[in-house]
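Trainee: Just so we're aligned, residue 1 is where the sequence shown starts under UniProt numbering, counting upward by one.
Read the hints as simulated data drawn from the structure, not as lab findings.
Quick caveat, the model's predicted, so the values are computed rather than measured.
Even for Gly, the Cβ is constructed at its ideal location relative to N, Cα and C.
There may be inaccurate statements among the hints.
Said to hold, decoys possible - Here are the simulated DSS-like cross-link-like pairs (lysine-lysine), alpha carbons at most 30 angstroms apart as the crow flies: (1) K820 - K609; (2) K975 - K924; (3) K321 - K430; (4) K314 - K204; (5) K596 - K492; (6) K51 - K498; (7) K609 - K440; (8) K440 - K204; (9) K31 - K83; (10) K83 - K386; (11) K321 - K99; (12) K261 - K321; (13) K99 - K576; (14) K449 - K386; (15) K31 - K204; (16) K721 - K576; (17) K948 - K1003; (18) K985 - K1011; (19) K83 - K121; (20) K314 - K427; (21) K866 - K749; (22) K841 - K1011; (23) K430 - K386; (24) K924 - K820; (25) K1003 - K749; (26) K841 - K749; (27) K1101 - K1065; (28) K373 - K99; (29) K985 - K1081.
As the list claims (entries may be wrong) - Taking CB as the label site, the calculated pair distances span: (30) T588 - N982: 37 to 47 angstroms; (31) Q396 - R1097: 48 to 58 angstroms; (32) Q396 - D362: 17 to 27 angstroms; (33) R73 - N982: 31 to 41 angstroms; (34) E50 - V641: 47 to 57 angstroms.
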Amino acid sequence: MAISSFVATLLLCYLIANVFFGVVQCTDPLKVCLPDAGCYIGRYMVSYNEKEIETFLGIPYALPPLRFQTPRRYRSNETHQAKVARCACKQRNYLDHQKPITGSEDCLYLNLYRPSLQYFKLIPVLVHFHGGGFFSGATSPFFLGPEYIMDGQDLVLVTVTYRLGPFGFLGTSDGVIPGNIGLKDQVMALQWVYNNIEYFGGDKFRVTLLGQDAGGMSAHLHTFSRLSRGLFSAIISISGTANSIYAIDENPNQTARLTAKYCNVSNWDTINTRKLYSSLLFMDANTLLSAGDGLKFWNIDSLCNYKPFVEVDKRFSFLTKHPSYYMSNGEFWPVASLFGRVPNEGAVRAVNIMENEDLRNDFNSNFWNLSAKMLEFPSTFSDEKKLSRTKIILDQYHLQNFHLDGNTVGQFMQLLTDRIYYHPMYKTFKYYVDKVDLRKHPLYFYIFKFEGELSYAEKYADHPIRRDYNVIHKDDQIYLFRTRYLFPDIEKNTVAAKMIQIYTRFLSNFVYYREFQKDVHVKVFGDYCQDRYNQIFKLHNTINLTQTMGMNLFGATLLSYLIGNVVFVECIDPLKVCLPDVGCYLGTFMTSINSKELDAFLGIPYAYKTFRFRVSRPYYSNKTHDATKAQCDCKHKNYLVPHRPIVGSEDCLYLNVYRPSLKYFNTIPVIVQFNGVGFFAGTSNPLFTGPDYIMDRQDVILVTVSYRLGPFGFLATSDNKIPGNLGLKDQVIALHWVFNHIEYFGGDKFRITLLGQGSGGISTHMHTFSRPSRGYFSGIISISGTANSIYAIDEDPDYTARQTAKYCNVTNWDKMNTRKLHESLAFMDADILLNAGDHLKYWSIDSFAIYRPIVEIDKRVSFLVKNPKWYIANGENWPVASMFGIVPNEGALRAVNIMENEDLRNDFNSNFLNLTAKILEFPKPFNDEQRLTSAKILLENYNIQSLKLDDETISNFMQLLSDRVFYYPLYNTIKHYVERINLRKYPIYFYIFNFEGESSYAKIYAYRSIKRDYQVVHRDDQLYMFRTQFQFPEVKNNSAEAKMINLYCGFVSHFAYHRQPPFVKNFKRCNRSNFFIASGKICDYHEFGRGQGNSVRMTVKNEW
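From just these sequences and the hints, can you work out the full model?
Mentor: Below you can see the structure in the form of structure tokens.
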């Protein structure tokens, strides 16, 4: 047939197909109407190779469920928007180190993907049940993306959510609390598929179940259930079989009663099951999930608290006998079956234990007992028998020393692999070849041994790993479903891309034909192969398919999935986020530098409108707020801008939240940014602190915080009548807000990094010394500012407060008590209060920072009760991973302004020694003569003996200010830290930003165009982290500046993720032995700079 004739025929078939099959919609191809279940309007996606997919997300297959009740069929005649994925089922993910609780009890939805190319005939259907040990998992396309498996355009994919944990698998053996609710949800979904899939072009007689781990167990269990019979014709069970040790709870009553115990239910061990049911039915969902912690015998083991179990034989029972009974007697629904595994399934637990030193030591201290419990022997075994059998097994696996280390981890991992996966799979095959007609219902299995660059090993360890674990549990899924949150996209034309093609084609071939490509030589199980087991193929890096014989009699997989957090996927409007106790927020869309979409929530109140000189109060509300516009900055006078404008409002305690529009299944790290301009100015407005650069990588959540400045945030008295550090206490309230609510935006509250520059960097560092801040962050990035800076502490706050009152024309400013001083300033006009600061300057705009943090009286709400220098010297702080950054010419902040203004420079030179002595801010105990003498000595050492600022001395003067204000405090900080902090747990890093681009803050400091090149000056690094569209032009695409944005922001987000920068080989971290400046060599640090031509570089150096 000619091509044109074929196309015409296909078109004709397309036009008439709806008459026969109801497949092709006559009007809108993205609107599908179903009898009794309503209409659904989907959207388009593209596959890995950019083929169009029609996507229908969040289709309800059952009504919102009642707790512990079987699902009820969903009926409707309405039109539904099926463009956004729905919430995952309520769960607690024990494989995420924070064990987050996420999701919703209203979760019985499915997602459906079909090729945009419409077929005249119906095509096969693949129904996927996610894994997660029956306690976690989701179908979000951002974690379980269809892009790879749908690239072949030859099947319809359906992904199903079902109830998990106690909501899906808690039950009692008498049926009062029904069992296997999660599996019954799956049955309801299969019934929906059978009744409706033809309207989407799917063949209801060619439905294949696919699952991995608990999903694989589920797929296998359906072959034993009366409720599922006739709803599918094949299964693909990967890394899980129905006779796994995690598949069945042999004592569900004990599980239910212990759950009640840890929910604090009275008489949990004696009440009847009906009262037990009533007590748990209305229990708070989070309490019910958290009760599972009490069922663990060690760490997160036993991994699965709630499992399927054998029910009382009733009409709606899912499983009435043990799977081993069905298999041994051949009493099941026979279908074509494909089983898959990877070599090192046991890595799901072994990696986590091995890579966590504290966990490994704890395990080794009780190795024998914990191993016996992990192996989960039959409940009929006595404790003595379990231990004796364990010892025999450990001997067989060469683990006689009862110690897990680098030499034994391979054997231990194999032991877990064999016990949990290989042995059950072997027994499954043994029974099948005895009981099933394998010519009608063939049985296959395969081993996935392709080791690519990506692996789940680091996910299980929760940090970079030190060993190669080869191909481990769930690694095969990387090439089946796109997992854009956990892993980068696989590049085209790579060996990994070829694996995607061959692996998905292999599975879709089975879905289509119940067999494989003709070019793959395969023997099926049969009478001639009773005791030998066929390995279909090994997938190696060479992509060669080879057929081998033989199989380890034990083998297959342990559960592990870093799936868990779907707090990101909003249930209704993706730009509406509702928070407990503080209301709902409607956000807006923004785009990053490379046009990636961001969700922006602007002007969120974290505290009530403040009373002047009062500690801020957390904000509470039940209203819906417009969060599409930024709020006013905090009231301030900016001395770094010509004319020194007064801007802002005293009602200013707001924050902005920016998150990727790309939804992640797991929560992602959070960066909380504090703006900083000498504690007297600053803004979180996106016109000045735009998220466009740092959010372009789509891998963190950014929170920018406004806090009170100048006299409103830092004027105080030492007796606390005017409380000190109000601006820092505002930051604490903001941190509490972030910790309590960021999960609702998709952020990980246990991976919060504080970021600040200038006084924002000083603030960030100070939080490590503050009791109210402890526990609310786990890392800091402090740029161009440390807590021991000369601008960090006001050593005489009473003098500052009284001088302010003097220039506000307050009567008796020098004699009145501090209570009256408070009253006189509390109601002072805000502009007058700010202008009073002008008179506290000794020259021009110096002293630069008038109002600063202070050391407070030791009270419960005090932020800082000792000088930061004391905390640093004594190592008494909240230890966290710390990153410090500097630029070469920090001192340009003042030097440029003086040098570029001729009148100002002449005035400065007329009193050079005195003004320099004041700018250097020597310790308060120094008298005037000591200050001048010290200043003169320093000037001579910096070759400024002329006592004059000009073109010959400007560089040295700028270096003097850099060293005194920034470098020397940083050196002192690191010097004390390496002596007193456990650097293995809480490492310290620093870097120098030395990239000189087209834009610079030098002209901002000069108030005009500059005549000299000051190279990289204070705050220039921020040009490549935050977009400042109000002050600087757009960065050109593919320019060196654009490349530096990508490099620098990647560096920062890497630290936010991993608490360390990107390492090179043999990187020497700071420690006591290598941080010795007198030698000229110190620990390794990173330097950012310009490379050759249009390139940029990040190099490792060790010279100070």
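Trainee: Work down the list of hints and note, for each, if the structure agrees.
Mentor: Structure-based check of all given hints:
Between K820 and K609 the alpha-carbon distance is near 23 angstroms, which keeps this suggested pair within the 30 angstroms criterion. At roughly 23 angstroms between alpha-carbon atoms, K975 and K924 fall within 30 angstroms of each other, so this suggested pair holds. A threshold of 30 angstroms between alpha carbons decides the hint, and for K321 with K430 the separation of about 19 angstroms falls inside it, so the pair holds. Proposed proximity of K314 and K204 is supported: the alpha carbons are some 27 angstroms apart, at most 30 angstroms.
Between K596 and K492 the alpha-carbon distance is near 21 angstroms, which keeps this suggested pair within the 30 angstroms criterion. Distance check on the hinted pair: K51 and K498 sit about 17 angstroms apart at the alpha-carbon level, within 30 angstroms; holds. The hinted pair formed by K609 and K440 fails the criterion: a straight-line CA distance of about 74 angstroms is larger than 30 angstroms. For the suggested pair K440 and K204, the alpha carbons sit about 19 angstroms apart, so the restraint of at most 30 angstroms is met.
Pair hint K31 plus K83 holds up; C-alpha atoms about 11 angstroms apart against a cutoff of 30 angstroms. With a C-alpha separation of about 52 angstroms, the suggested pair K83 and K386 falls outside the 30 angstroms cut-off, and the hint is violated. Under the criterion of a C-alpha separation no larger than 30 angstroms, the hint pairing K321 with K99 is inconsistent with the structure, at around 33 angstroms. For the suggested pair K261 and K321, the alpha carbons sit about 28 angstroms apart, so the restraint of at most 30 angstroms is met.
Note on K99 and K576: the hinted pairing holds, with a Cα-Cα distance of about 25 angstroms set against a maximum of 30 angstroms. At most 30 angstroms may separate the alpha-carbon atoms for a hinted pair to count; K449 and K386 exceed this at roughly 33 angstroms. As the CA atoms of K31 and K204 are separated by approximately 20 angstroms, the hinted pair is consistent with the 30 angstroms bound. The suggested pairing of K721 with K576 is violated, with an alpha-carbon distance near 42 angstroms, which exceeds 30 angstroms.
For a cut-off of 30 angstroms, the pair hint linking K948 to K1003 stands: about 22 angstroms separates their Cα positions. Distance hint between K985 and K1011 is unfulfilled; the C-alpha atoms sit about 48 angstroms from each other, more than 30 angstroms. Our distance criterion of 30 angstroms between C-alpha atoms is met by K83 and K121, whose separation comes to about 26 angstroms. Under the criterion of a C-alpha separation no larger than 30 angstroms, the hint pairing K314 with K427 is consistent with the structure, at around 28 angstroms.
Of the supplied pair hints, the one linking K866 and K749 holds, its CA atoms being roughly 28 angstroms apart against a limit of 30 angstroms. Taking the CA atoms of K841 and K1011, the gap is near 27 angstroms; set against the 30 angstroms cutoff, the hint holds. A C-alpha spacing of about 25 angstroms is found between K430 and K386, which places the hinted pair at or below 30 angstroms, so the restraint holds. Simply put, K924 and K820 have alpha-carbon atoms about 28 angstroms apart, close enough for the 30 angstroms limit, and the pair holds.
The hinted pair formed by K1003 and K749 fails the criterion: a straight-line CA distance of about 39 angstroms is larger than 30 angstroms. Of the pairs offered as hints, the one joining K841 and K749 is violated, with about 42 angstroms between alpha carbons and a cut-off of 30 angstroms exceeded. Only pairs whose Cα atoms come within 30 angstroms are accepted, and K1101 paired with K1065 is accepted, the gap being roughly 13 angstroms. Restraint check for K373 and K99: the C-alpha separation of about 22 angstroms stays at or below 30 angstroms, so the hint holds.
For the proposed pair K985 and K1081, the alpha carbon gap of about 24 angstroms is at most 30 angstroms, so the pair holds. Between T588 and N982 the Cβ separation comes to about 44 angstroms, which falls inside the hinted range of 37 to 47 angstroms. At roughly 54 angstroms, the beta-carbon separation of Q396 and R1097 lies within the given 48 to 58 angstroms, and the hint holds. Between Q396 and D362, the C-beta spacing of about 25 angstroms keeps the proposed range 17 to 27 angstroms intact.
Separation of R73 from N982 is about 58 angstroms and departs from the stated range, judged on CB atoms against 31 to 41 angstroms. A hinted range of 47 to 57 angstroms holds for the C-beta pair E50 and V641, which are about 49 angstroms apart.
The earlier numbered hints that this structure contradicts are 7, 10, 11, 14, 16, 18, 25, 26, 33.
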